[in-house]
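Colleague: Sequence:
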Amino acid sequence: DRGLKQLVAMVASAANGCHYCQAHTSHSAHNLGVSQEKVEAVFDFESSSLFSDAERAALRLAWHAALQPNATSDSDFAALKAHYSDREIVEIVSVIALFGFLNRWSDTMESELEPLPQSFADSINLSARKLGS
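Here the sequence shown is numbered in our numbering, starting from 1 and rising by one per residue.
The hints are simulated quantities; they were obtained by calculation from the structure and are not laboratory data. Incorrect hints may have been included.
If you anchor each label on the Cβ, the simulated ranges turn out as follows [as the list claims (entries may be wrong)]:
1. D1 <-> S47: 14 to 24 Å
2. S119 <-> A82: 33 to 43 Å
3. R56 <-> R87: 15 to 25 Å
4. M109 <-> A82: 37 to 47 Å
Lysine-lysine pairs mimicking BS3-like chemistry, simulated, CA-CA at most 30 Å apart [said to hold, decoys possible]:
5. K130 <-> K38
6. K81 <-> K130
7. K81 <-> K38
By construction, the Cβ of each residue, glycine as well, lies at the ideal position given by its N, Cα and C atoms.
Build the full structure now, drawing on both the sequences and the hints.
Modeller: Take a look at the structure:
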């Protein structure tokens, strides 16, 4: 699910504090058919009824792995394995790893956010949102 992969990237980017990548991934998720309401709710994915258990498992891993990769737990992966194939898990982890690079690149290079993703980020008040707030 391409929309979920964008939400995984958005959560990983939020964990790393990369506004540039959060803006792009939120906009991309919406363009791929994820409702604006669900994109906004990603910051409360653990408690929001908009997310399935499978989506929560993927987003939880994104948060944990982006914050501290070696602190991911067996329970993180057990939750994933209940919903995803090994190949799908590799894809989820690959998205998290890719955005670890992109977050660092974009912030270090002080990438200027383009108008379209900036406009979408503004529409969901992205700059004021934090995971779990």
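Colleague: Hint by hint, note whether the structure agrees.
Modeller: Verification of the supplied hints:
no. : hint                     : in the structure
1   : D1 <-> S47: 14 to 24 Å   : 21 Å, holds
2   : S119 <-> A82: 33 to 43 Å : 38 Å, holds
3   : R56 <-> R87: 15 to 25 Å  : 20 Å, holds
4   : M109 <-> A82: 37 to 47 Å : 39 Å, holds
5   : K130 <-> K38             : 15 Å, holds
6   : K81 <-> K130             : 27 Å, holds
7   : K81 <-> K38              : 24 Å, holds
The structure shown violates none of the earlier numbered hints.
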